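Chemist: Residue-level listing of the chains:
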Amino acid sequence: MGSLRIPLWGAPMDKGALQAVRITAITQETPTVRTFSFFPGFSFRPGQFVMVTIPGVDEIPMALSRSDTITVQRVGDATGALFQTRPGDLLGIRGPFGNGFPEQEGTLAIAGGVGAAPLRPLVMHGLVECLLIGARTADELLFLPELTQKTSVLVATDDGSSGVHGPVTGLLKEIPLSEYRQICVCGPEKMMQAVLQTLDAAGMAGKSYLSLHRYMKCGIGVCGSCCIDPDGRRVCRDGPVFSGDSLLHSELGKYTRDASGRRKTV
Amino acid sequence: MGSLRIPLWGAPMDKGALQAVRITAITQETPTVRTFSFFPGFSFRPGQFVMVTIPGVDEIPMALSRSDTITVQRVGDATGALFQTRPGDLLGIRGPFGNGFPEQEGTLAIAGGVGAAPLRPLVMHGLVECLLIGARTADELLFLPELTQKTSVLVATDDGSSGVHGPVTGLLKEIPLSEYRQICVCGPEKMMQAVLQTLDAAGMAGKSYLSLHRYMKCGIGVCGSCCIDPDGRRVCRDGPVFSGDSLLHSELGKYTRDASGRRKTV
Amino acid sequence: MRITSGTVLVGGMALSNHLLLAAGVLGTTGSSLARILACGAGGVVTKSIGPYPCEGHPGPCVVETEGGLLNAMGLPNPSREFEGELQVLAGKPVILSIYGGNPDEFRTVASWFAGTAAAFELNLSCPHAAGYGAALGTDPDLVEACTQAVSSLGLPTWVKLTPNVTDITLCGKAAERGGASALVAINTVKAMRISTELKRPVLGNRVGGLSGKSIFPVAVRCVYELYESCRIPIIGCGGISSAGDVIEMMMAGASAVQIGTAVKDYPCIFRSIATDLYSSDGVPPDTIVGCAHG
Amino acid sequence: MRITSGTVLVGGMALSNHLLLAAGVLGTTGSSLARILACGAGGVVTKSIGPYPCEGHPGPCVVETEGGLLNAMGLPNPSREFEGELQVLAGKPVILSIYGGNPDEFRTVASWFAGTAAAFELNLSCPHAAGYGAALGTDPDLVEACTQAVSSLGLPTWVKLTPNVTDITLCGKAAERGGASALVAINTVKAMRISTELKRPVLGNRVGGLSGKSIFPVAVRCVYELYESCRIPIIGCGGISSAGDVIEMMMAGASAVQIGTAVKDYPCIFRSIATDLYSSDGVPPDTIVGCAHG
Ligand SMILES: Cc1cc2nc3c(=O)[nH]c(=O)nc-3n(C[C@H](O)[C@H](O)[C@H](O)COP(=O)(O)OP(=O)(O)OC[C@H]3O[C@@H](n4cnc5c(N)ncnc54)[C@H](O)[C@@H]3O)c2cc1C
Ligand SMILES: Cc1cc2nc3c(=O)[nH]c(=O)nc-3n(C[C@H](O)[C@H](O)[C@H](O)COP(=O)(O)OP(=O)(O)OC[C@H]3O[C@@H](n4cnc5c(N)ncnc54)[C@H](O)[C@@H]3O)c2cc1C
Ligand SMILES: Cc1cc2nc3c(=O)[nH]c(=O)nc-3n(C[C@H](O)[C@H](O)[C@H](O)COP(=O)(O)O)c2cc1C
Ligand SMILES: Cc1cc2nc3c(=O)[nH]c(=O)nc-3n(C[C@H](O)[C@H](O)[C@H](O)COP(=O)(O)O)c2cc1C
Ligand code: FES
Ligand code: FES
Numbered sequence: 001m002g003s004l005r006i007p008l009w010g011a012p013m014d015k016g017a018l019q020a021v022r023i024t025a026i027t028q029e030t031p032t033v034r035t036f037s038f039f040p041g042f043s044f045r046p047g048q049f050v051m052v053t054i055p056g057v058d059e060i061p062m063a064l065s066r067s068d069t070i071t072v073q074r075v076g077d078a079t080g081a082l083f084q085t086r087p088g089d090l091l092g093i094r095g096p097f098g099n100g101f102p103e104q105e106g107t108l109a110i111a112g113g114v115g116a117a118p119l120r121p122l123v124m125h126g127l128v129e130c131l132l133i134g135a136r137t138a139d140e141l142l143f144l145p146e147l148t149q150k151t152s153v154l155v156a157t158d159d160g161s162s163g164v165h166g167p168v169t170g171l172l173k174e175i176p177l178s179e180y181r182q183i184c185v186c187g188p189e190k191m192m193q194a195v196l197q198t199l200d201a202a203g204m205a206g207k208s209y210l211s212l213h214r215y216m217k218c219g220i221g222v223c224g225s226c227c228i229d230p231d232g233r234r235v236c237r238d239g240p241v242f243s244g245d246s247l248l249h250s251e252l253g254k255y256t257r258d259a260s261g262r263r264k265t266v
Numbered sequence: 001m002g003s004l005r006i007p008l009w010g011a012p013m014d015k016g017a018l019q020a021v022r023i024t025a026i027t028q029e030t031p032t033v034r035t036f037s038f039f040p041g042f043s044f045r046p047g048q049f050v051m052v053t054i055p056g057v058d059e060i061p062m063a064l065s066r067s068d069t070i071t072v073q074r075v076g077d078a079t080g081a082l083f084q085t086r087p088g089d090l091l092g093i094r095g096p097f098g099n100g101f102p103e104q105e106g107t108l109a110i111a112g113g114v115g116a117a118p119l120r121p122l123v124m125h126g127l128v129e130c131l132l133i134g135a136r137t138a139d140e141l142l143f144l145p146e147l148t149q150k151t152s153v154l155v156a157t158d159d160g161s162s163g164v165h166g167p168v169t170g171l172l173k174e175i176p177l178s179e180y181r182q183i184c185v186c187g188p189e190k191m192m193q194a195v196l197q198t199l200d201a202a203g204m205a206g207k208s209y210l211s212l213h214r215y216m217k218c219g220i221g222v223c224g225s226c227c228i229d230p231d232g233r234r235v236c237r238d239g240p241v242f243s244g245d246s247l248l249h250s251e252l253g254k255y256t257r258d259a260s261g262r263r264k265t266v
Numbered sequence: 001m002r003i004t005s006g007t008v009l010v011g012g013m014a015l016s017n018h019l020l021l022a023a024g025v026l027g028t029t030g031s032s033l034a035r036i037l038a039c040g041a042g043g044v045v046t047k048s049i050g051p052y053p054c055e056g057h058p059g060p061c062v063v064e065t066e067g068g069l070l071n072a073m074g075l076p077n078p079s080r081e082f083e084g085e086l087q088v089l090a091g092k093p094v095i096l097s098i099y100g101g102n103p104d105e106f107r108t109v110a111s112w113f114a115g116t117a118a119a120f121e122l123n124l125s126c127p128h129a130a131g132y133g134a135a136l137g138t139d140p141d142l143v144e145a146c147t148q149a150v151s152s153l154g155l156p157t158w159v160k161l162t163p164n165v166t167d168i169t170l171c172g173k174a175a176e177r178g179g180a181s182a183l184v185a186i187n188t189v190k191a192m193r194i195s196t197e198l199k200r201p202v203l204g205n206r207v208g209g210l211s212g213k214s215i216f217p218v219a220v221r222c223v224y225e226l227y228e229s230c231r232i233p234i235i236g237c238g239g240i241s242s243a244g245d246v247i248e249m250m251m252a253g254a255s256a257v258q259i260g261t262a263v264k265d266y267p268c269i270f271r272s273i274a275t276d277l278y279s280s281d282g283v284p285p286d287t288i289v290g291c292a293h294g
Numbered sequence: 001m002r003i004t005s006g007t008v009l010v011g012g013m014a015l016s017n018h019l020l021l022a023a024g025v026l027g028t029t030g031s032s033l034a035r036i037l038a039c040g041a042g043g044v045v046t047k048s049i050g051p052y053p054c055e056g057h058p059g060p061c062v063v064e065t066e067g068g069l070l071n072a073m074g075l076p077n078p079s080r081e082f083e084g085e086l087q088v089l090a091g092k093p094v095i096l097s098i099y100g101g102n103p104d105e106f107r108t109v110a111s112w113f114a115g116t117a118a119a120f121e122l123n124l125s126c127p128h129a130a131g132y133g134a135a136l137g138t139d140p141d142l143v144e145a146c147t148q149a150v151s152s153l154g155l156p157t158w159v160k161l162t163p164n165v166t167d168i169t170l171c172g173k174a175a176e177r178g179g180a181s182a183l184v185a186i187n188t189v190k191a192m193r194i195s196t197e198l199k200r201p202v203l204g205n206r207v208g209g210l211s212g213k214s215i216f217p218v219a220v221r222c223v224y225e226l227y228e229s230c231r232i233p234i235i236g237c238g239g240i241s242s243a244g245d246v247i248e249m250m251m252a253g254a255s256a257v258q259i260g261t262a263v264k265d266y267p268c269i270f271r272s273i274a275t276d277l278y279s280s281d282g283v284p285p286d287t288i289v290g291c292a293h294g
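Order-wise, the sequence lines are chains R, A, Z and P.
Residue 160 in this note's numbering sits at position 160 of the first sequence; the count goes up by one each step and never skips.
Residue 233 in this note's numbering sits at position 233 of the second sequence; the count goes up by one each step and never skips.
Residue 90 in this note's numbering sits at position 90 of the third sequence; the count goes up by one each step and never skips.
Residue 141 in this note's numbering sits at position 141 of the fourth sequence; the count goes up by one each step and never skips.
The set of hints was computed from the structure by calculation and includes no laboratory data.
Careful: at least some of the hints might be erroneous.
[Said to hold, decoys possible] Computed cross-link-like contacts, DSSO-like style, restricted to lysine-lysine with a CA-CA straight-line distance of at most 27 Å:
1. Lys150/A <-> Lys254/A
2. Lys199/P <-> Lys199/Z
3. Lys173/Z <-> Lys92/P
[Claimed, not checked] Listed next, the stretches of chain A that the computed footprint assigns to chain P, with coverage defined by at least 3 CB atoms under 8 Å from CB atoms of chain P:
4. 23-30
5. 48-62
6. 87-101
7. 209-223
[As the list claims (entries may be wrong)] Computed footprint of chain P on chain Z; a stretch qualifies when at least three of its residues, placed anywhere within it, have a C-beta under 8 Å from a C-beta of chain P:
8. 33-39
9. 168-180
10. 188-196
11. 242-253
12. 263-272
Treat the numbers as computed from the prediction; the structure is a model and nothing was measured.
Ideal placement from N, C-alpha and C gives every residue a C-beta, glycine not left out.
Extracted from the complex, chain R is given alone in its bound form:
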């Protein structure tokens, strides 16, 4: 998938081991999202993720928003505990894992909520020609000033407080999809499903790349908790980025599985 366009930053890491990093800064990005900067950073490819250990609490997957940052939405126990940390505290990191987005110029990026995190490096390295970004409200729009400097940005909010009123899919109608070499997508499951349907209708499913979220326990492709139907691919290892056409008849948007492996409707 795409050759290496973006130089790898930072030190290569012993991916197998749990490495400790020290939090150097915590930035409040939006009311619910914070970026945690840490040291040392390490080389990665945009779209790759790390398994982050909050010592004594749990380990959770997080996309890298830079070589030395993760950008986290507070949703439950582990993210809650992460929000309790301070600069100077230690985290455990395994990774980076997964395949990442193809690195091509002429990319259309579509981000929903904290899904902007894995897309950020693509934008900042000038590969993204246009970015569609959506959030619940204007103040939940992530990285906006920074991203606007690097690419043309179209905005949608659920409450209409900024840009188009409604889901980010609404913006898709205005876009000449076939002019882009590829379309990279990350956001909530329902949003990605809607985007994929639109792209498929436009014949662009094969040129689109979606970054999926599934419950991850190992991150390295051994435990099976992140496998998707119907082909059993592992989101952690065969993904998290999959081409849109390979997801057309999948569980995407229909159901997912929880920590115990029970299915739950999306």
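Given the coordinates of chain R, work out where chains A, Z and P with the ligands should sit on it, guided by the hints.
Modeler: Frame of chain R; chains A, Z and P with the ligands shown alone:
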């Protein structure tokens, strides 16, 4: 010790594992010595040895006389069992181990009995200018026709049935020792001790290399059974070839240790 | 050395080859198990299913070590709802791995799946689940009772043993008395790594189980010991990653093998091992099973 | 992370650092032990010495495996004649490793060396010597009795434990009851490799013990478990090959460590580990021993 003058033959081997080889031929060299040819052979440096397993019996160290032969004197249980094998039978091999002789032209070689085995490759590759070879009797002289084709040979026998009557040291008097770049020695312990004394008296101990025999169990430097006094060097790993001057005040010629580690006078 | 291919009859199952997926590795969903079968496995063992749904231990659950993997998953499983996963696998060589806290729980879970699974494998060996797995599997009497509770249902019953005991043959013999159709050896070796930077054990559960190449010599030894003491077939497991490893396990006494950790890097390892393992001019497999005991 | 250097008081010994040579590795002769001390070891444990001279098992006695070594030396030793070897080591931190078939034999051997050795280490753990080592060391009552027989002589008595038991803490507690000054964990893990070409186990003794990197996670787990159950100091052993490994063992609960297999490739590993381990601005060692239990 010496740069690589002799090309390495055969396949490199996984030194750690026990590899099976098949006996392809058995040659009666002398009344008590046989050469066992096997397949496959492997790359080695002259003076290195292998640990040879006679399945179900024992494992014993043997110098390589070629990349695919060992030349064995029958002395006890394991060598006796080896003499019972036939072409087609399997042996186990670990190695090659140890450091080998420096590979320099202008070598004087001194062989006693089956000690000719590790010196044979040096001679056959044209590094040996002169070979002094000793044995109990004329028919125990090893590899004689072959060696005579490659170098000038002086012979001594204990019973006088060929060459000079008496030990191989007797030949040393006739030799202009200082004209050789190095002196490589392998033979019975008492013979090596006598040779080393003569060489030391001639100021040549620092240019001589002796291949030692000690009881070996692991061959890789972990068990400690082959260590020599007073410095605890391991014959299997730090040797088996040692420079003469480093052996001047050692246990050489005085005592050795048996399988249990008990000292016994040489 | 190669062996001839053909149907493998072992522990009440007829498999297309000697290579099975080990329990708990990519075995949480039906589609994942189907993928492994499509990748050339002769049979698949599911994730261990218990009497209640379980979310497993807090993370980290898995960490790589030199030559192996350390895990403490904590037996996450959807319990009875796993039936849904098995639908896509109807008629396939699926062995349902079961765990429970006592013989009754084992039997209950087995009875749920008596219509869908081809055989059962009793997890009496997981080293990091308090009250389950090896907590029972280190006591020969409990091994016998749990085996008995399931084998009496009439389906092939395999018993998976832990190496973390003084004498694994006592547990093997207990399973045999309980009516086991086969023994599976081994589950992971109890182990731990500590993060010196975080000053705490790496795994959320602190203690876990070591798998992969590191434990292969331990697994060979266990299979060898069981072959000397038991009459039912043994399925070798632990650190297998090549056709040579399979032959070695068979010579130790294994009639078939399971592969776990090595599947991680290459799910189709079953096909590539089979390519190396089988040949029409190979020797019959029966002639090498246990031949190292001669 | 680094620690400060200084005299290490452990199990009745005062050592110049935390790094000891493990029993049976380059420990057959006095000059070899002296070489290891000259290479920076804080103390050396001898080859295990028994009541009678022993030639050991037929070869092969050692074979390399991925990430480790498999050995079945069979306790070769010169018995009482070993006194001669110790002469060059007078006054040095030498721990005499002892094996025996019963408490009396342990005591007999210990009494021979009561004047020359600084401490004793009881080999109740070798996994491949019928009637010795783990044959006794898997039975807590025998562990206690053997320990008692030696500790009553009044010299520091260390007891080396086997990981090949269901619960290592039972043996640790038994040694503690018997008056042990320290526990050493672990001896090798029972294992086997088979030569598929020769169709027989590689080792002359068939079964042997696995050492080296492969067993490090098992050793850490054993030390961790012992630290939770026993009060006497623990000396960690098994697969240690770097300063990081030493720190990890100490955090698990070890007050000092022993190094065996890693000495093979580099006898002066003691010096190089010490260089990485100690620093004048490091933390005091006492603050990290057992700190992973927090
Ligand atoms: C590849 C990948 C990349 C991700 N990147 C980001 C990111 O950059 N920023 C961000 O804020 N979030 C990201 N997430 C989602 C993030 O992992 C979850 O929000 C987090 O795990 C929630 O943990 P919790 O304990 O706080 O919530 P919980 O209360 O435990 O659960 C809330 C929800 O979070 C999800 N979740 C919980 N644990 C896991 C887990 N181990 N694996 C996957 N999902 C889980 C489940 O859907 C669950 O219902 C990513 C997820 C994946 C799979
Ligand atoms: C590096 C090295 C290279 C050797 N090369 C050759 C060679 O090329 N040709 C040859 O004929 N012999 C060679 N030997 C000697 C050979 O290893 C012994 O002759 C052989 O081990 C005897 O075994 P056995 O069971 O027949 O005799 P045993 O009856 O067991 O013992 C006879 C004597 O052989 C020696 N010996 C026995 N076992 C061992 C052992 N494991 N390690 C070392 N010595 C042992 C002892 O001195 C013993 O007293 C070499 C030895 C060494 C150390
Ligand atoms: C991530 C993971 C999860 C596992 N889960 C289970 C399980 O649920 N039940 C079980 O019996 N064994 C389980 N095991 C043990 C394996 O089935 C196997 O016995 C062990 O890993 C040794 O084989 P390997 O070295 O080929 O992996 C698990 C192993 C791993 C690595
Ligand atoms: C060749 C060899 C010989 C050993 N001999 C003994 C012994 O005589 N007594 C003993 O208690 N342990 C013996 N051991 C075990 C070691 O002392 C140590 O416990 C084990 O090897 C684990 O440590 P390591 O991984 O650092 O080698 C021996 C180990 C090896 C490899
Ligand atoms: S998280 Fe374990 S296989 Fe993907
Ligand atoms: S034979 Fe073992 S150290 Fe040399």
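Chemist: Determine for every hint whether it applies to the structure shown.
Modeler: Here is what the structure says about each hint:
Distance hint between Lys150/A and Lys254/A is unfulfilled; the C-alpha atoms sit about 35 Å from each other, more than 27 Å. Restraint check: the Cα-Cα separation between Lys199/P and Lys199/Z comes to about 46 Å, which exceeds 27 Å; the hinted pair is violated. Between Lys173/Z and Lys92/P the alpha-carbon distance is near 50 Å, which puts this suggested pair outside the 27 Å criterion. Using a Cβ-Cβ cut-off of 8 Å, 0 residues of the stretch 23-30 of chain A lie near chain P, which falls short of the minimum of three, so the contact claim is violated.
By the rule of at least three residues with a Cβ nearer than 8 Å to a Cβ of chain P, the coverage given for the stretch 48-62 of chain A holds, with 8 such residues. Counting residues of the stretch 87-101 of chain A whose CB falls under 8 Å from any CB of chain P gives 3; the rule of at least 3 is met. Counting residues of the stretch 209-223 of chain A whose CB lies closer than 8 Å to any CB of chain P gives 7, so the stated coverage by that chain holds, three being the minimum. Counting residues of the stretch 33-39 of chain Z whose C-beta lies closer than 8 Å to any C-beta of chain P gives 0; at least three are required, and the coverage claim is violated.
Given as covered by chain P, the stretch 168-180 of chain Z fails the check, having 0 residues with a CB less than 8 Å from a CB of that chain where 3 are the minimum. Chain P is given as covering the stretch 188-196 of chain Z, and this holds because 7 residues of the stretch bring a CB closer than 8 Å to a CB of that chain, at least three being needed. Counting residues of the stretch 242-253 of chain Z whose C-beta sits closer than 8 Å to any C-beta of chain P gives 5, which meets the bar of three, so the coverage hint holds. Counting residues of the stretch 263-272 of chain Z whose CB lies closer than 8 Å to any CB of chain P gives 0, which falls below the minimum of 3, so the coverage claim is violated.
Consistency note: the structure conflicts with the earlier hints numbered 1, 2, 3, 4, 8, 9 and 12.
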